[in-house]
Amino acid sequence: MSRLSQQVVTLKIDGRDVGARSNETILEVAHENDINIPSLCSVEGLSVVGSCRLCLVEVRGTSELVSACSTYVREGMDIVTHSERLSHYRQTILSLFFSERNHLCAVCVSNNHCELQGQAQALGLSHVEVAYRYPQLPVDASHERFVIDHNRCILCTRCVRVCDEIERAHTWDVAGRGVQALVITDLNEPWGSSETCTSCGKCVQVCPTGALFEKGKAVAEMSRRRRFLPYLAKTKEKSS
Amino acid sequence: MKTDIARIPPPSDDKRWRIIDTTMRRYGYDSHCLIETLHSVQEAFGSLDDQAMHYISATLGVPLSQIYGVATFYHLFTLKPREAHHTCVICVGTSCHIKGGATILSAIEKTFRVKAGQTTADGTLYLQTARCLGSCGLAPVVVLNEETLSKANQNNVIQRIQEIIRHDA
Amino acid sequence: MMPEELTELAHKEQTDAQQWQHQIHVCTATGCLSAQSDQVYTALTREVRDRGMDKTCRVKGVGCLGLCSAGPLVQVNPAGTLYQHVQVDDVPELVQSLKHSPVERLVCSTDIPFFQQQVKIVLANAGNIDPERIEEYLAVDGYQGLLQAVTEMTPSEVISEVIHSGLRGRGGAGYPTGLKWTTVAKADSHQKYVICNADEGDPGAFMDRNILESDPHCIIEGMAIAGYAVGATQGYIYVRSEYPLAIKRLRNALRRAERLGVIGNNIFESAFRFQIDVRLGAGAFVCGEETALIASIEGRRGNPRPRPPYPAEAGLWGQPTLINNVETLANIPAILRNGGGWFATIGSSQSTGTKVFALTGKVNHGGLIEVPMGMSLRSIVFDIGGGIPNELAFKAMQTGGPSGGCIPETHLDMPTEYETLNQIGSIMGSGGIIIMDETSSMVDVARFYMEFCQDESCGKCVPCRVGTAQLATLLTKIAEGMATPEDLILLEELCDVVKHTSLCGLGQSAPNPVLSTLRFFRHEYLAHIRQ
Numbered sequence: 001m002s003r004l005s006q007q008v009v010t011l012k013i014d015g016r017d018v019g020a021r022s023n024e025t026i027l028e029v030a031h032e033n034d035i036n037i038p039s040l041c042s043v044e045g046l047s048v049v050g051s052c053r054l055c056l057v058e059v060r061g062t063s064e065l066v067s068a069c070s071t072y073v074r075e076g077m078d079i080v081t082h083s084e085r086l087s088h089y090r091q092t093i094l095s096l097f098f099s100e101r102n103h104l105c106a107v108c109v110s111n112n113h114c115e116l117q118g119q120a121q122a123l124g125l126s127h128v129e130v131a132y133r134y135p136q137l138p139v140d141a142s143h144e145r146f147v148i149d150h151n152r153c154i155l156c157t158r159c160v161r162v163c164d165e166i167e168r169a170h171t172w173d174v175a176g177r178g179v180q181a182l183v184i185t186d187l188n189e190p191w192g193s194s195e196t197c198t199s200c201g202k203c204v205q206v207c208p209t210g211a212l213f214e215k216g217k218a219v220a221e222m223s224r225r226r227r228f229l230p231y232l233a234k235t236k237e238k239s240s
Numbered sequence: 241m242k243t244d245i246a247r248i249p250p251p252s253d254d255k256r257w258r259i260i261d262t263t264m265r266r267y268g269y270d271s272h273c274l275i276e277t278l279h280s281v282q283e284a285f286g287s288l289d290d291q292a293m294h295y296i297s298a299t300l301g302v303p304l305s306q307i308y309g310v311a312t313f314y315h316l317f318t319l320k321p322r323e324a325h326h327t328c329v330i331c332v333g334t335s336c337h338i339k340g341g342a343t344i345l346s347a348i349e350k351t352f353r354v355k356a357g358q359t360t361a362d363g364t365l366y367l368q369t370a371r372c373l374g375s376c377g378l379a380p381v382v383v384l385n386e387e388t389l390s391k392a393n394q395n396n397v398i399q400r401i402q403e404i405i406r407h408d409a
Numbered sequence: 410m411m412p413e414e415l416t417e418l419a420h421k422e423q424t425d426a427q428q429w430q431h432q433i434h435v436c437t438a439t440g441c442l443s444a445q446s447d448q449v450y451t452a453l454t455r456e457v458r459d460r461g462m463d464k465t466c467r468v469k470g471v472g473c474l475g476l477c478s479a480g481p482l483v484q485v486n487p488a489g490t491l492y493q494h495v496q497v498d499d500v501p502e503l504v505q506s507l508k509h510s511p512v513e514r515l516v517c518s519t520d521i522p523f524f525q526q527q528v529k530i531v532l533a534n535a536g537n538i539d540p541e542r543i544e545e546y547l548a549v550d551g552y553q554g555l556l557q558a559v560t561e562m563t564p565s566e567v568i569s570e571v572i573h574s575g576l577r578g579r580g581g582a583g584y585p586t587g588l589k590w591t592t593v594a595k596a597d598s599h600q601k602y603v604i605c606n607a608d609e610g611d612p613g614a615f616m617d618r619n620i621l622e623s624d625p626h627c628i629i630e631g632m633a634i635a636g637y638a639v640g641a642t643q644g645y646i647y648v649r650s651e652y653p654l655a656i657k658r659l660r661n662a663l664r665r666a667e668r669l670g671v672i673g674n675n676i677f678e679s680a681f682r683f684q685i686d687v688r689l690g691a692g693a694f695v696c697g698e699e700t701a702l703i704a705s706i707e708g709r710r711g712n713p714r715p716r717p718p719y720p721a722e723a724g725l726w727g728q729p730t731l732i733n734n735v736e737t738l739a740n741i742p743a744i745l746r747n748g749g750g751w752f753a754t755i756g757s758s759q760s761t762g763t764k765v766f767a768l769t770g771k772v773n774h775g776g777l778i779e780v781p782m783g784m785s786l787r788s789i790v791f792d793i794g795g796g797i798p799n800e801l802a803f804k805a806m807q808t809g810g811p812s813g814g815c816i817p818e819t820h821l822d823m824p825t826e827y828e829t830l831n832q833i834g835s836i837m838g839s840g841g842i843i844i845m846d847e848t849s850s851m852v853d854v855a856r857f858y859m860e861f862c863q864d865e866s867c868g869k870c871v872p873c874r875v876g877t878a879q880l881a882t883l884l885t886k887i888a889e890g891m892a893t894p895e896d897l898i899l900l901e902e903l904c905d906v907v908k909h910t911s912l913c914g915l916g917q918s919a920p921n922p923v924l925s926t927l928r929f930f931r932h933e934y935l936a937h938i939r940q
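Protein chains in written order, with the numbering used here: chain A, 1 to 240; chain B, 241 to 409; chain C, 410 to 940.
In short, the hints are calculated from the structure, not lab data. Note that this is a predicted model, so its numbers are computed, not measured. Do not take every clue at face value.
Unchecked claim - Away from chain A, derived, C-beta distances all over 10 Å, residues of chain B:
hint	residue
1	Ile248
2	Asp270
3	Gly286
4	His294
5	Pro303
6	Ile307
7	Lys350
8	Phe352
What the hints assert, rightly or not - Computed footprint of chain B on chain C, listed as stretches where at least three residues anywhere in the stretch have a Cβ under 8 Å from a Cβ of chain B:
hint	stretch
9	477-486
10	612-625
11	649-662
12	836-848
We put the beta carbon where it would ideally sit given N, CA and C, even for glycine.
Make a model of the complete structure from these sequences and hints.
Put into structure tokens, the structure is as follows:
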């Protein structure tokens with residue numbers, strides 16, 4: 001995405017006047033001003049995909065919702081980040097996430113450290129109305145240090161992006177499509193026999209749920225370290 | 241164009257690899273030609289196996305997982321060769337659906353004990369569905385090997401399949 | 410090539426054509442081919458030769474003759490006699506009859522509204538010219554529009570003409586074509602692209618395929634004109650690989666056009682150069698969405714990305730890119746030849762020109778049609794389509810495929826326009842029309858389309874990936890009589906969420922068939938619900 005112009009603009013977020021540069025996204029400006037917009041796919045330092053749809057916000061004067069992570073601010077924008085309609089949509093989107101695979105918090109290594117769980121608590125999701133799909137998905141523990149449990153994966157592609165954009169290994173990608181999609185390593189081989197994996201562990205650190213974790217972690221033990229990312233992203237920008 | 245890198249030799253001396261290499265060369269071995277190259281492999285070999293994907297990965301400089309991702313995203317590509325003597329494709333596009341395509345499908349599934357996307361236990365018939373073959377004016381349409389049956393009904397399709405199978409025996 | 414050469418070639422072909430006493434046109438588009446028209450063509454050629462008539466009578470493979478449901482179709486010119494359901498056995502009698510009167514039992518009357526009420530711009534050459542010979546395209550003023558644009562007009566004059574015509578995108582959404590061209594023309598870049606979107610994916614739609622099979626040069630000419638207008642030098646035609654014949658004819662046409670010099674370097678001795686390459690899809694409906702299509706040309710998974718930036722600003726390889734659909738581009742040569750003002754007089758004020766439809770389903774006369782915009786939906790079904798077979802009652806007209814809706818009898822007097830179709834919960838779409846009679850179940854239709862969307866969802870965003878799967882499950886539950894009133898409420902709620910929160914057009918429009926059948930045929934849903 002081009003970041004050519006750098007004008008200073010003023011806009012309103014939830015009624016507050018804020019200043020920003022025109023090459024910043026709504027999400028970035030909101031965070032600078034301590035306004036919380038929920039999101040699961042975006043991580044500082046990685047490219048934007050706009051796939052989780054939790055960061056949708058209203059822009060007064062237009063009927064369509066826009067994703068805050070992928071939309072640049074413009075002069076005079078009037079943005080609403082919280083409304084009854086938005087919270088209904090966000091809750092339903094979260095229900096869809098929970099219904100897709102098997103998110104059983106009580107037995108998950110990421111219990112209490114999980115972003116999906118955190119969003120559900122923050123948005124007050126009390127029950128899931130849609131039917132659980134309960135697919136039977138594999139758990140790959142072939143890697144000497146890490147495990148992937150597809151049952152917990154929400155396909156945010158953070159692992160794919162960090163592996164490609166920061167580690168430059170591109171071990172991960174998404175295979176298949178639609179509700180059948182899965183993240184895979186190399187030619188869908190066991191992670192442990194991957195020729196390209198450097199075992200750097202960045203994918204594990206960025207995973208928002210309990211899908212990727214370190215071996216030997218028991219329930220609720222898997223917390224993440226992420227502070228390296230913006231720093232590495234900057235180094236990458238400078239070198240390229 | 242990437243001219244400075246040494247060409248990787250093809251996986252075997254099978255002449256068909258030349259076709260694949262010609263395709264990649266035509267696009268200057270640029271990673272953008274991945275889909276064209278996969279088309280070429282699929283046409284020459286009938287499916288995309290690991291060996292082919294490794295070769296393309298090394299030649300075009302596209303990561304393995306990305307090739308696998310592309311190969312499984314597009315429904316035309318298959319990773320495993322189909323081994324059946326005959327193929328029966330039932331169109332289940334809207335027009336054919338409205339005019340009884342689904343009835344033909346379930347009748348064939350029942351008669352030959354096979355599900356769409358599968359091959360019969362004896363390997364004689366591979367049954368497949370298609371989302372519109374574009375012959376809507378002649379719906380419902382069934383393609384049996386190379387032969388197109390237009391304005392089909394379950395009786396004439398089943399009869400024709402049985403004829404073809406009997407012909408083999 | 411020199412401009413005069415074009416006129417000379419056209420004139421020579423016109424003179425040559427006059428020497429034939431009879432020209433037998435055999436439809437060799439996919440519809441008739443699947444009814445074995447190729448065998449009829451071979452038999453006719455042999456019969457004419459065996460009777461020693463090959464000096465006076467020419468047998469010619471042509472594009473779509475329109476009435477696909479009566480295929481294989483054969484037309485004898487200059488008399489214009491149309492024969493239907495022609496079999497190989499009929500061939501001797503047919504050739505014999507050239508000297509006498511037509512074979513009555515095979516004649517298909519062209520006096521019916523199906524033929525009389527159509528207006529042909531896009532399909533003007535379909536069924537008349539041999540799509541494999543560029544000379545025949547030249548003989549019907551082919552490449553004159555490009556000649557005029559390149560030699561007599563500035564790029565902005567070309568764009569003005571397109572704006573003046575009122576042409577809107579024929580891919581479905583109806584975005585003004587002239588405005589799109591202006592945006593790309595104004596984008597500042599050394600490299601720009603023109604893409605022809607020929608990834609026609611709606612089940613039941615075959616307009617673009619037939620245009621490509623019947624008149625491939627009009628697309629090439631339209632693209633070259635677009636390239637000149639917006640300042641692009643490279644074009645791509647993205648065709649679905651399920652259309653082998655269209656691809657073959659397109660490639661052949663491109664080779665001929667290059668050899669003749671109407672595309673390539675220094676077109677008509679000017680500084681303008683334009684190349685076109687064909688790129689194949691590989692079975693993914695979502696690649697009809699423009700950002701997914703771009704990803705696919707770049708060799709990646711066909712995942713859409715959020716817009717803006719729009720392709721006009723940052724498209725293929727990050728460069729300004731014009732994406733138009735096949736039918737949109739097919740209108741361009743005629744607009745350049747006859748002027749935007751001429752085009753604007755056809756159709757209605759907000760929706761100018763004509764629209765090509767693939768009319769199928771429970772209708773007497775099915776096939777490929779082209780009608781002026783503004784024609785009532787009722788005329789399409791009952792005049793052109795000749796009504797419903799087997800004395801059954803009309804129930805609904807489906808337009809816009811998996812992104813559209815079902816229109817009931819009470820709304821049939823609406824004119825065919827982008828806005829009116831939107832008002833009644835459907836869309837113009839790319840042109841597939843499926844007619845349903847009283848025996849069709851609307852819940853089943855809604856489920857059919859939702860399963861399609863679930864299969865075709867790329868899986869990138871959650872509302873579409875999981876939402877369509879959940880909706881399909883609910884619709885199956887309803888269709889099987891297992892659903893409760895709460896399920897129906899959930900169905901409507903989910904439709905709302907998927908429609909408003911999905912990333913791209915596929916997800917945003919996936920609920921439309923459900924919403925429109927709920928609006929007009931709610932009783933059918935209620936009849937399935939357990940109380």
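- Proximity test - 8 Å, beta-carbon atoms, the stretch 649-662 of chain C to chain B, at least three hits: Check passed, 3 qualifying residues.
Self-check item: glycine 286 (chain B) remote from chain A - nearest C-beta pair above 10 Å
Solution: holds, 18 Å
For this session: Check, residue by residue, whether the stretch 836-848 of chain C contains three or more positions whose beta-carbon lies closer than 8 Å to a beta-carbon of chain B, and give the verdict.
Result: With 3 residues close enough to chain B, the hint holds.
Report task. Quick one: work out the minimum CB distance from proline 303 (chain B) to chain A and report holds if it exceeds 10 Å, violated otherwise. Result -> violated, 4 Å
| request: Verify the coverage statement for the stretch 477-486 of chain C against chain B, using a C-beta to C-beta distance below 8 Å and requiring 3 or more qualifying residues. | output: Holds: 3 residues of the stretch 477-486 of chain C have a Cβ under 8 Å from chain B.
ask   = Would the least Cβ to Cβ distance between aspartate 270 (chain B) and chain A come out above 10 Å?
value = Holds: least Cβ distance 17 Å, greater than 10 Å.
| Can we trust that histidine 294 (chain B) is non-interface, i.e. its beta-carbon lies farther than 10 Å from all of chain A? | Non-interface label fails for histidine 294 (chain B): nearest chain A Cβ at 8 Å, not farther than 10 Å.
**Request:** Measuring Cβ to Cβ, find out whether isoleucine 248 (chain B) lies farther than 10 Å from everything in chain A.
**Result:** holds, 15 Å
Holds or violated: is the Cβ of lysine 350 (chain B) farther than 10 Å from all Cβ atoms of chain A? holds, 27 Å
Just checking, phenylalanine 352 (chain B) versus chain A, shortest CB gap more than 10 Å? holds, 26 Å
So is the stretch 612-625 of chain C in contact with chain B by the C-beta rule, three or more residues under 8 Å, or is the coverage claim wrong? holds (count 5)
- Item | Status of isoleucine 307 (chain B), Cβ more than 10 Å from any chain A Cβ | Given that some Cβ of chain A is not farther than 10 Å from that of isoleucine 307 (chain B), nearest at about 8 Å, it is violated.
In the structure shown, a violation is registered for the earlier hints numbered 4, 5 and 6, in ascending order.
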